[in-house]
Amino acid sequence: MKSLMPKPNRSGLKHLFCLLIILILFFGATASPAAAKVTDWKISPENPKIGDTLTISGLATPEKEVEISVSFEKTVPVYLREYTYEFENIEILNFNNLFTVRAEGVENLKVKMKMVLSKTESAWADGGIASVFYSGVYPGKYRVRVDGTAEDGNSGVNLKVTTVQRLNAGKDGKFSYRYSTGSVPSGKLEIKLGNSEREIIFGAERNNPVLQSPPASQVQASGEAEERKTSELMELAGKESTDTELTDRENEEKRSIYLTESSLNEETTMAATAGDVPSKESAKEQEIQEHENQAINFFYVLAGIIAVFGGFLAVRRTK
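Residues in the sequence shown are numbered from 284 upward in steps of one, following our numbering.
No lab work stands behind these hints: they were computed from the structure. Ideal Cβ placement from N, Cα and C applies to all residues, glycine included.
In silico lysine-lysine, DSS-like type, Cα no more than 25 Å apart, as pairs: (1) 402 <-> 357; (2) 443 <-> 332; (3) 357 <-> 475; (4) 475 <-> 320; (5) 393 <-> 357.
What follows is a set of in silico ranges between Cβ atoms, one per label pair, in the way DEER data are often shown: (6) 345 <-> 478: 15 to 23 Å; (7) 363 <-> 327: 39 to 47 Å; (8) 421 <-> 329: 28 to 36 Å; (9) 390 <-> 338: 33 to 41 Å; (10) 326 <-> 372: 13 to 21 Å; (11) 434 <-> 322: 40 to 48 Å; (12) 477 <-> 439: 30 to 38 Å; (13) 478 <-> 424: 27 to 35 Å.
Generate coordinates for the entire structure from the input sequences, incorporating the hints supplied.
So this is what it looks like as structure tokens:
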């Protein structure tokens, strides 16, 4: 009696086995490695200043991943409900990273990272808080520009910048990470490794980031500049009106001179017609006319003499 059970398809089993292997390899590659347990770590130099490069080193579980988080905050003034701030020389060391900008008291947030090419991310706020995330950023030094619209009535916006780097401890458990403070403003710098956290307080000594939005003093200065500019424009307008009045006056004087000359010419013409003494120009024209008349008369006399002499010769030949 033949079995009613179908025979398994070997080619189908091979395809299923290959699919399982691919899935195992995929999830194994994408799964995050186990976090290392940090036993000890330190920061050097012990008394850093803004612009120094911090070295964070310590001991952790050998060949395990160490996550280091460094963050700082900055309160940015608001001008006409807009806020803008620019950080320079934010350094990313490897591809295994996460860069975050968080803004409080805003309606929206836009972050632009630029090294050679730029990349811009934006987000709308939820409850006055907006966050933008960058992951897998290409290593290098970046200029980061932050801007957006603040909530109505806010005079300042609090920004929090966090850089997370993940690196593997060595076979001996040692790890080391460098962080440049060239982009850090004065204030508190927070460093976290696992459950451990330390703080560094910086004073406003050097290498502070460039502030883009004008503070209140600059706003007042700009207001004074606007008033000065307005007064200068008013003075210029007054000068232009004065110049216009002078020009009109000059035109009026020229017009009066022209009318005076015209009236003098008319009076001279009327005087010559009435038999009074004519002007020098009219006397000269009369003299030229008299010379022309004399020349014409002389021409007529000469032509008459020639005609008489010709007639005399003709009569003599006939005889």
